[in-house]
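**Student:** Spelled out from the first residue to the last, the chains are:
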Amino acid sequence: MNDNTPAPAAVPPLSEATHERFAREIAKYPPDQAQSAVMACLAIVQQEHGHVSPEHEKVVADVLGMPQIAVHEVTTFYNMYNQRPIGRFKLNVCTNLPCQLRDGEKALAHLEKKLGIGMGGTTADGLFTLQQSECLGACADSPVMLVNDRTMCSFMTSEKLDQLVDGLRACAHPAASNGESA
Amino acid sequence: MTPDQVLEQFRATGVQTCFHDRHIEPQIYAGLDGTNWRLADYEARGGYKALRKILTEGMTPDQVIAEVKGSGLRGRGGAGFPTGLKWSFMPRQFPGQKYLVCNSDEGEPGTCKDRDILQFNPHIVIEGMAIAAFAMGISVGYNYIHGEIFGTYERFEEALEEARAAGYLGDAIMGSGYNFQLHAAHGFGAYICGEETALLESLEGKKGQPRFKPPFPASFGLYGKPTTINNTETFAAVPWIILNGGPAYLACGKPNNGGTKIYSVSGDVEMPGNYEVPMGTPFSKLLELAGGVRKGRQLKAVIPGGSSSPVLPASIMMDCTMDYDSIAKAGSMLGSGAVIVMDDSRSMVESLRRLSYFYMHESCGQCTPCREGTGWLWRVVDRIHNGHGKPSDMDLLNSVADNIQGRTICALGDAAAMPVRAMIKHFRHEFEALIPGYVAKTPVNA
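Chains as they are written, first to last, in my numbering: chain A, 1 to 182; chain B, 1 to 446.
Bound-form chain B, shown alone (with noise of 0.2 Å):
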């Protein structure tokens, strides 16, 4: 055997992540098997017809925008801004070249949704990324992919030659005077990169450190030109929307947090996987398709989107819907939609511990509070963990972390101070218990 054929052996097939019937009403995954990737059984299951609508019926870019503004469809990537809206932004009549980018960088701990989209839909993704540039009257567009998911690269690469072939990308798509280029870059190991600004600096072949914003990317993006940027499971959502109207993509969902929404569900359950279910589903039935909390241990405590999101105690998040709405109330945030699930056996020292020296690991050295502020969360989580905390170390964390969030150009510092809080707000009893000599100044809460 050749040591290519002894690997491929260990190769995810998909079918314990996203080919299975644990489902609700999927869109973007429905009816994958893993061998129909390809663009003849896209076009079999309806592919490319929004995007033939568009042209052959006339709609204008402004009643495509309109359509995914009524369909309540948020970015997929993490903060969940208006899709819609993101579109309006871009100067109409901007003289130079306009670029479209495809964030298909999925690096945040717990998210793996995005992998299964590219590797098992990804004209999906290219039908949703040329229906937005010609909403945009954009001609150009890049898809950044994780560098670790070089196999999902590959294939993306392969389904753009299908898709040019075919006449779905190139010039005079198909006969009418809407020409789009699309190719695919790839990162090689940068968490920051998932960050927009760190994403385009990374695509001009520099160093990913972010830009601070404004300006936005509309108005100075990819080589300083207007650019709108979006998640790939953002793109994957339009071609439906477009075919089926955007009321019906909202009403998939609940008011203001339209249509299906991938969960990639980790950690302590019996069939981690992605799940594909409407907008507003309970927590508690996300969970039990997953299986329930493995080995039928309790729920302790949940990260409901994605590494940087506070951690919920089960208590609170039993009584969550899975949309960007609820999960704010409770004081998280829903994120990328990678749900970590932790049981009753889990330390939460450990598990922050391991969270900060992520952080740390990849700071991009930019900010000074964070570049900084990330070793000492670590140290002293670490030292925690070790048994060597000092009992003046839950004030300073604190403090730490006050003065990281708010300080940095990007997000990525409030994403390594966030979970440290949340730790500590929800089960600061386990931190003091393992300081030596600390005097409890707050009553415990479990």
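The shape of chain A in the complex, shown without the other chains (with noise of 0.2 Å):
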């Protein structure tokens, strides 16, 4: 890997909270079709521990009854899986032909200029992953950006992209951005 990825550390256990979760998405399906739950379970698992790691998609396998390997193909078809730690914050900027249209490209460079990585990398401060990703489905908001996973954020001119990513950086670092010590 070329990138500040961090290192992979131990993994840690899914929690009793974590299993709980699991358990209200199973509940929705039939008894015998609990596989249904897999998106769920990984996205599950991604929130709490930032990224799917083969150790985590065992545990799923077998909470639902399913191969390793099935819930492998999952974690690899679909786009927002995580399949290696990544940063804290993982900005996803959409770059389709409606926001190509108004300024989706342009923000994307305004990233890769303002962190100071290129499209895939990871700051060396491991606080921000920046990606150009398909249609987010909010094209009249364009430009818009989908912040780990959870958080959509439209509108987002080259001002409103200064002030999101110094505001985050704020947030992790207290004492650098307002000068005072911790």
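Any given hint could be a false lead.
Derived DSS-like pairs: lysine-lysine, alpha-carbon spacing no greater than 30 Å straight-line [said to hold, decoys possible]:
id, chain 1, residue 1, chain 2, residue 2
1, B, K295, A, K113
2, B, K69, B, K254
3, B, K295, A, K160
4, B, K69, B, K225
5, A, K28, B, K49
6, B, K206, A, K58
7, A, K114, B, K69
8, B, K295, A, K106
9, B, K207, A, K58
10, B, K206, A, K28
11, B, K213, A, K28
12, B, K295, A, K28
13, B, K53, A, K28
14, B, K207, A, K28
Rather than coming from a laboratory, the hints here were simulated on the basis of the structure.
Work from the hints to combine the two standalone chains into their complex.
**Tutor:** Shown next as structure tokens:
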């Protein structure tokens, strides 16, 4: 790997609370169709651990009673699953045609410059991973960016992108941003 | 501040896209302001009255389907198939479980209408689904929501909880003998799952690779059981039809194209957003609602129904009305109602290059013509764009498109091929101009 991806740490076990969240998803489906919950379970794992590791795929496979390779097929087929550790904030900028017509590519280029990384890269401090994405389904809000799979940020002009990045940096390094010691 | 507080400042409020006064006779978006999405607000707007009418006045499933047939409602997801007819395909006396599925996997570039329905008026979809389930004798349903709009998925989950608590979902709804359990599911980044059989595979916890049809979902759907799949906006249209009658809905639009339709207008307009207008509204009126072409420029081209629909030049588009039949007659498709507007400064080669990259990226890899062909299309358009095209590339593009279209399991192959053919048909000179040494075989026409 040629970026600043943090080294993989030991895989923490899934908590009881996580298993309870799994159970709520599984309950939506017929008793013999627990596999239907795999998308949701993997998204929960990613939300709590930042990415989906093979070890966690094994846990999900065992919980749902499906082969581990079938879980891995899902992780690798869908774009939003992180298959390795990434930055704390994943920024997905849409550049598909409707966004291209309204500064989507400009937004991506602005972030590349601001963060000092290329598309697909992670900043040295492990805070940001920047990705180009396909249609986010928010075309009239362009430029749009999805942060950590869950929060859609709309009408992201260069000024707003700066505010967002600076704001998130301040959360992570409060001392550095306001000049006071921690 | 926490990271969530930072991000919260950039969340869309819906003011630009949904809460504006530039709809015409809206039904689905009527009276929304972003704060009034809850059950009590929906009831205050007349919500769940249609379901109550069916269950308390004793409408039969056949009567409900007849009303929907008479409304001229056609599938809002893209295909435009008559909804009432689709409902009548479900086997009545099937002894096992049947399923109802809502396709909210809204990922067709240009489309963001279902997001605003689910975000700002979720109960209208729940009521529409409950009515559909009653009409087809279905007791379990799922709403599969685009993974990228996760906030909307969580909103819909909240609305489901409200509906269950109020007795609009669950067992013995409103004291009747009718039961309907509805759940929300989400995708996680796969355009192909908007294809109905890929969506079913995904809902079964698998890769979203489309199935051969036939058998159609009405006989072999979710878990191999009879299943009906409709788009979010289609379900959202149903309560109005039941309350006001099929003929009234048909009268809102034009013959064979009933009701209102939500158009997502994006690209080079002053005010991109969602516009709910009667079917058959002139395109010129829709463009005017969206504030016209941006910066006073001239209209060059429009992709009228999402990225998969063939592009139309301004001269043809300005004569169209926005309905299935008019757009089809002009040589394109109304599709999902995503209107992508391009002004006279735009390079069609650059636009096609981005779309071709998208289809290559999102091909599920199952069928060779699509898996390989979409890569060929992108590479050839990319090299033309970069000034490295070869004189034979124009024929090559058409040949690759010919060899994809109609030769794949699902419509993604067609969706990748059609924009290429249409771009070349209408804007061939732009491609030729970028190819060194190209000698035009055809007369230049703008």
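**Student:** May I ask which of the numbered hints given earlier this structure violates, with the numbers listed in increasing order?
**Tutor:** The structure breaks hints 7 and 12; every other hint is satisfied.
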